[in-house]
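Assemble chain S onto chain L, guided by the hints.
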Amino acid sequence: MKLTEMKVRNFTVFEQADFAFAPGINVFIGENGTGKSHVLQALYAVLKGVRNQPVDESEAARWQRDRLAEIFKVDGGNASAVGSLVRVGNERVGKENEGATLSVAAGQQAETQIKIAPSGELTVAKQSWSAPLDATFLPARDVLAMCEGFVPIYERHRISFDEAYRDACLALALPELKGSAKQAADVLSAPFRTMLGGDVTLENGRFHVDFGAGKHEAHLVAEGLRKIAALVQLTGNGSIHDGSVLLWDEPEANMNPRLIAKLASALHGLAASGVQLFIATHDYLLSHKLSLAAEYSTAPKIEMRFFSLHHGGPLEPVEVESAPTLAQMSNNAILDEYAQHYEDERSLYQRELEQDLKDGAR
Amino acid sequence: MSQQFIEGDLLFEFDEKLWNPLESWDKHAAYRTGIREINKGKAVDFIGVYNDRIAYFIEVKDYRRHKRKKKISLWDEFELKVRNTVAGLVGSGRREEHASVCAPFLTSLLKPHELRLIYWVELPPLSNALPAIRKRRLAVAGFAERQTNRLMKWLNARAFSVSQEDDYERLVPGLKIQNLPRKRKELAEAVVQRLRSRGILLGEDAPRRISNELDLETLKAWLERAVTVSTVEELFVGRR
Numbered sequence: 001m002k003l004t005e006m007k008v009r010n011f012t013v014f015e016q017a018d019f020a021f022a023p024g025i026n027v028f029i030g031e032n033g034t035g036k037s038h039v040l041q042a043l044y045a046v047l048k049g050v051r052n053q054p055v056d057e058s059e060a061a062r063w064q065r066d067r068l069a070e071i072f073k074v075d076g077g078n079a080s081a082v083g084s085l086v087r088v089g090n091e092r093v094g095k096e097n098e099g100a101t102l103s104v105a106a107g108q109q110a111e112t113q114i115k116i117a118p119s120g121e122l123t124v125a126k127q128s129w130s131a132p133l134d135a136t137f138l139p140a141r142d143v144l145a146m147c148e149g150f151v152p153i154y155e156r157h158r159i160s161f162d163e164a165y166r167d168a169c170l171a172l173a174l175p176e177l178k179g180s181a182k183q184a185a186d187v188l189s190a191p192f193r194t195m196l197g198g199d200v201t202l203e204n205g206r207f208h209v210d211f212g213a214g215k216h217e218a219h220l221v222a223e224g225l226r227k228i229a230a231l232v233q234l235t236g237n238g239s240i241h242d243g244s245v246l247l248w249d250e251p252e253a254n255m256n257p258r259l260i261a262k263l264a265s266a267l268h269g270l271a272a273s274g275v276q277l278f279i280a281t282h283d284y285l286l287s288h289k290l291s292l293a294a295e296y297s298t299a300p301k302i303e304m305r306f307f308s309l310h311h312g313g314p315l316e317p318v319e320v321e322s323a324p325t326l327a328q329m330s331n332n333a334i335l336d337e338y339a340q341h342y343e344d345e346r347s348l349y350q351r352e353l354e355q356d357l358k359d360g361a362r
Numbered sequence: 363m364s365q366q367f368i369e370g371d372l373l374f375e376f377d378e379k380l381w382n383p384l385e386s387w388d389k390h391a392a393y394r395t396g397i398r399e400i401n402k403g404k405a406v407d408f409i410g411v412y413n414d415r416i417a418y419f420i421e422v423k424d425y426r427r428h429k430r431k432k433k434i435s436l437w438d439e440f441e442l443k444v445r446n447t448v449a450g451l452v453g454s455g456r457r458e459e460h461a462s463v464c465a466p467f468l469t470s471l472l473k474p475h476e477l478r479l480i481y482w483v484e485l486p487p488l489s490n491a492l493p494a495i496r497k498r499r500l501a502v503a504g505f506a507e508r509q510t511n512r513l514m515k516w517l518n519a520r521a522f523s524v525s526q527e528d529d530y531e532r533l534v535p536g537l538k539i540q541n542l543p544r545k546r547k548e549l550a551e552a553v554v555q556r557l558r559s560r561g562i563l564l565g566e567d568a569p570r571r572i573s574n575e576l577d578l579e580t581l582k583a584w585l586e587r588a589v590t591v592s593t594v595e596e597l598f599v600g601r602r
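Those protein sequence lines, which keep their order, are chains L and S. The C-terminal residue of the first sequence carries number 362 in this note's numbering, and the numbering is unbroken. The C-terminal residue of the second sequence carries number 602 in this note's numbering, and the numbering is unbroken.
Treat the hints with care, since some could be wrong.
Within a straight-line C-alpha distance of at most 20 Å, the following computed SDA-like cross-link-like pairs (lysine to any residue) qualify [said to hold, decoys possible]: (1) S:LYS423 - S:PHE505; (2) S:LYS547 - S:ASP577; (3) S:LYS497 - L:GLN340; (4) L:LYS2 - L:THR12; (5) L:LYS289 - S:ARG496; (6) S:LYS497 - L:SER330; (7) S:LYS538 - L:LEU353; (8) L:LYS358 - S:VAL411; (9) S:LYS473 - L:GLU352.
For the record, the hints were derived by calculation from the structure and aren't laboratory data.
Chain S with its partners taken away, still in its complex shape:
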């Protein structure tokens, strides 16, 4: 069995036998009701514990279709998210209702070799690029990684940049990546948008379920039905 997360046009599938616990942290209630409420800052996308021992913080950036527009540099942003993640885990770990979620991560955080920081950056593929451009990307990745690690010194953890082009399973064992069809994200957004514009109450779970739907045909059917249904439950009835 695997646990799945979608980021950009990427599907991350973690082997549940190796990864436990595994949380979508930026969206997790423990984070959102914790430091996030105070500083509005973002955390990393997922956090997980590998092999009951090593904690991973994983941040995903998919720049294959959209260029980065933020003014803050990639490494400054990542460092900020890591800082918010650590603060969020410590803060929420001290609150009774979230203590058990945070505990395994806090254990790893306090051990020098048991935390890995992964920033996953997908750039447009270089399959047709000139050899010099491919090498230049490697050299630049090296500079960026050094810069990132300089910022992470306070946490005594090493950051690593990864993409599909790398041998990523050596760094993040038990992970499989799939590229999702380009239209999927737009279709899911259109379904939610159409329901919202009709004033249908969606709650928290329905938008997540819609945006996590991988099957294009199902999404297309939902988009059609979104015009006529009167509740969101009706939409899911008779899912293909």
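The shape of chain L in the complex, shown without the other chains:
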């Protein structure tokens, strides 16, 4: 089962945004504050809102509201504050704010539709999933080194980390698989293990990375490498598997470009193994490496979709442009800035050169 679409109305920075997803890799680009992380969080919250057993309407709504509150961390995770996710400023003249709607679908059969009133009241208008879809959310910051003791603290105390951190810690801590499931997981984790150049172990709640010359505690390993180590662990223990969804916010954060280039190809491989990816990025290399794979149909061919989120100003609603490759996109703030940088550098040098030539002529 693959996510096929999300429709958002009056939610956070979006007035109206429709996303038609690719079964392979979905990449979100856009300046800060255009809602890239919100898209990933909304998808994650809706997927987590689906229960294992059927529940009545009010329980479904309560559970869904808690997930939104905990993942978006509204008022520190206060469920009655989900009304603050409703976009303000969209009221028609003389009318009240109609509230927000979120709908996420995986084909015709599986769909969730949620309405959020500005008061914070949430209703689940539709929720038709035969089973929950496994989803992993990776925040921009590394989780591996903070896992030790994190979950009990999260459960007992009010802390400013959102639920995705807790879930990631729980997923990381799952023990190794066995049998044929382990074989499949090893295939999935192999590229990440190669990238890491080592292996990950978990002892007494603490992660270690072994590069071949003894174990290093996770927090002594570079943060960029820890993020790769987390992927080794999550693919190796079955948290990320064929048919699951991986939502990764800014994978490039804390990574050297050399690692990012390898990551692009490893992510391509992950999608080829049946994981549906949702990536929010600011990185030229990551976004363009993925786009080149789509532009030149690098084998194995992965269906991709690129989404550019942009707005005229912080108070303007965010618009979404989407295309199968970045080359077909007219809004790309990353590329604009790199091209502009080259132009600026050139004109500085040209000015200096012209001055040189003038000085020489005197």
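Using the frame of chain L, we list chain S on its own:
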């Protein structure tokens, strides 16, 4: 008056008032009988002195009709050619017969701000390309230029990539570029080939004269006459 050079399908015309001396260095006897004889390496296409002061090394690559096939990267190749050019100028400058050709370049080489390295790269035009592809070419050119300049640090000179799409006269003043008809190069090659296959002695100057001929009609006439002439001089008689 201008001095002309042909590279690929491009005609370079340098204003002689501003550019003196100006040499086709890779093909120059001073280079060919110098370090080239030892290491077989190539040098840059032209070297010139602008305004009696600033030396330019110019390397031209025309990839509009043929893709690059070499394994070596563009910047590694350019750096190698610049290195051979410098070595060639120093070596030949120490040989009496070529000292005067090399002297003005050697003077500029030793002054920190008086050497410019230009690599001229023509790629297929982007007139119909998507805006993102145009911007991407700019961004990639920026990366390539940084990489090239990193390699040129040893020479303390800055390299600059230029193409017809740029405002090139700001960088290389007194230069005009013309695109030559596509067929011209093939016609010139066919004339030389036809004469050679008939066993006619060509020497050094005749092939150069043929490949530098710009007029398509003349080349066509030569191609016809190449079948019947018995010496290469006969070919040039009655040039249109």
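Assess, step by step, whether the Cα of LYS547 of chain S is no farther than 20 Å from the Cα of ASP577 of chain S, and give holds or violated. With a Cα-Cα distance of about 11 Å, the restraint between LYS547 of chain S and ASP577 of chain S holds, given a limit of 20 Å.
Restraint check for LYS423 of chain S with PHE505 of chain S, where alpha carbons must lie at most 20 Å apart: At roughly 18 Å apart (the allowed maximum being 20 Å), PHE505 of chain S and LYS423 of chain S satisfy the hint.
With a cut-off of 20 Å on the C-alpha distance, tell me whether LYS473 of chain S and GLU352 of chain L pass. Distance ~16 Å between LYS473 of chain S and GLU352 of chain L Cα, so the pair holds.
For the pair supplied as a hint, LYS538 of chain S and LEU353 of chain L, is the alpha-carbon distance within the 20 Å limit? Roughly 19 Å separates the two Cα atoms, so the pair holds.
Measure nothing beyond the straight line between the CA atoms of LYS497 of chain S and SER330 of chain L; if it is 20 Å or shorter, mark the hint as holding. 11 Å, holds
Under the criterion that the straight-line Cα-Cα distance not exceed 20 Å, is the pair LYS358 of chain L, VAL411 of chain S satisfied? 15 Å, holds
Need the status of pair LYS289 of chain L, ARG496 of chain S: alpha-carbon distance at most 20 Å? With a Cα-Cα distance of about 17 Å, the restraint between LYS289 of chain L and ARG496 of chain S holds, given a limit of 20 Å.
Keeping to a limit of 20 Å between CA atoms, is the pair of LYS497 of chain S and GLN340 of chain L held or broken? Distance ~8 Å between LYS497 of chain S and GLN340 of chain L Cα, so the pair holds.
Would you check the hint for LYS2 of chain L and THR12 of chain L, treating anything up to 20 Å between C-alpha atoms as holding? Answer violated: LYS2 of chain L to THR12 of chain L is near 25 Å, above 20 Å.
Violation of the numbered hints given earlier is confined to hint 4; every other hint is satisfied by the structure.
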